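Chains as they are written, first to last, in our numbering: chain F, 1 to 106; chain V, 1 to 121.
FYI, nobody ran anything at the bench for these hints, they're computed from the structure. This one's a predicted model, so the numbers in the text were calculated from it and none came from an experiment. Treat each hint with caution, since some may be false.
[Stated by the list, open to error] Cut-off 30 Å, straight-line C-alpha distance, at most; resulting in silico cross-link-like pairs (DSS-like, lysine-lysine):
| # | chain 1 | residue 1 | chain 2 | residue 2 |
| --- | --- | --- | --- | --- |
| 1 | V | K13 | V | K75 |
| 2 | V | K13 | F | K39 |
| 3 | F | K42 | F | K106 |
| 4 | F | K50 | F | K102 |
| 5 | V | K75 | F | K102 |
| 6 | V | K104 | V | K75 |
| 7 | V | K104 | F | K42 |
| 8 | V | K75 | F | K39 |
| 9 | F | K102 | F | K42 |
| 10 | F | K45 | F | K102 |
| 11 | F | K102 | F | K39 |
| 12 | F | K50 | V | K13 |
| 13 | F | K106 | V | K13 |
| 14 | F | K45 | V | K104 |
| 15 | F | K50 | F | K39 |
| 16 | F | K106 | V | K104 |
| 17 | F | K106 | F | K45 |
| 18 | F | K39 | V | K104 |
| 19 | F | K39 | F | K106 |
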Amino acid sequence: DIQMTQSPSTLSASVGDRVTITCRASQSISRWLAWYQLKPGKAPKLLIYKASSLESGVPSRFSGSGSGTEFTLTISSLQPDDFATYYCQQYDTHYTFGQGTKLEIK
Amino acid sequence: QVQLQESGPGLVKPSETLSLTCNVSGGSINSFYWNWIRQPPGEGLEWIGYIYYTGSTNYNPSLNSRVTISADTSKNQVSLEVNSVTAADTAVYYCARARGRPGKMEFFDYWGQGTLVTVSS
């Protein structure tokens with residue numbers, strides 16, 4: 001199985017901050033990576049696919065980059081609605097997720 | 001707008017079968033891939049498996065022998081069965097639609113809100 005490792009596990013930030021979350025794959029996955037936002041009691045939301053393609057309707061402050069084994073999700077200016085847990089997911093070989101990064105209000 | 005809603009018992013006894021249904025509205029299950037994903041308390045997400053609109057299925061090898069995913073096109077529903085459950089199967093279970101290239105499912109673009117299933121006697 002391809003293992004996905006996210007860092008940090010928890011991130012404290014303020015509204016307006018620029019934040020970056022990293023996801024590393026245990027082997028190369030080309031650009032077959034997606035990012036999701038999860039909030040308790042709500043349907044998870046697809047943000048990014050194919051490493052850097054923004055899903056329709058997702059604000060442009062979200063961006064993704066990377067290829068091979070290292071990827072990042074960046075939020076350029078945090079909004080109150082962005083405090084949530086973020087997961088990466090590889091779809092190169094089967095489907096596995098990172099362990100999540102909880103974005104908290106500082 | 002596609003909407004997915006999971007339903008089923010919130011409590012299942014050990015060794016019994018967990019059964020959940022996903023009602024899909026705003027779109028037909030006669031296209032795309034339809035998945036189940038779970039999240040044990042305090043843990044990450046685990047893909048369980050999918051059914052393609054053609055009826056073909058693909059399951060996570062770690063659960064393969066205990067899982068069945070089926071579809072009822074007349075009701076626009078997808079179902080999940082996990083047999084011989086243990087406490088380790090306690091989780092929030094999500095239904096999700098996925099897009100992909102021809103012959104290859106990729107990522108999940110619509111999800112339900114999830115339903116908590118607890119395995120306990």
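Hint consistency between F/K45 and V/K104 [alpha-carbon to alpha-carbon, up to 30 Å]: Holds. F/K45 to V/K104 sits at ~21 Å (cutoff 30 Å).
Is F/K106 within 30 Å of V/K13, Cα to Cα? Since the Cα atoms of F/K106 and V/K13 sit roughly 42 Å apart, the hinted pair is violated (cutoff 30 Å).
Assess, step by step, whether the Cα of F/K106 is no farther than 30 Å from the Cα of F/K45, and give holds or violated. At roughly 23 Å apart (the allowed maximum being 30 Å), F/K45 and F/K106 satisfy the hint.
With a cut-off of 30 Å on the C-alpha distance, tell me whether F/K50 and V/K13 pass. Distance ~40 Å between F/K50 and V/K13 Cα, so the pair is violated.
Is F/K102 close enough to F/K42, meaning Cα to Cα at most 30 Å? Within the cut-off at roughly 15 Å; holds.
Does the alpha-carbon distance linking F/K50 and F/K102 stay inside the 30 Å limit? 22 Å, holds
Satisfaction of hint between V/K75 and V/K104, Cα-Cα up to 30 Å: 26 Å, holds
Going straight from one Cα to the other, do F/K50 and F/K39 come out at no more than 30 Å? 22 Å, holds
Given pair status - F/K102, V/K75, alpha carbons within 30 Å: Violated - the C-alpha atoms of F/K102 and V/K75 are around 37 Å apart, more than 30 Å.
Within 30 Å, alpha carbon to alpha carbon, are F/K42 and F/K106? Answer holds: F/K42 to F/K106 is near 23 Å, not above 30 Å.
F/K106 paired with V/K104 [C-alpha distance capped at 30 Å]: It is violated: about 41 Å lies between the C-alpha atoms, which goes past 30 Å.
Hinted pair, alpha-carbon criterion (30 Å max): V/K13, F/K39. Please report holds or violated. Holds, at roughly 28 Å.
Checked against the numbered hints given earlier, this structure breaks hints 5, 12, 13, 16; the rest are met.
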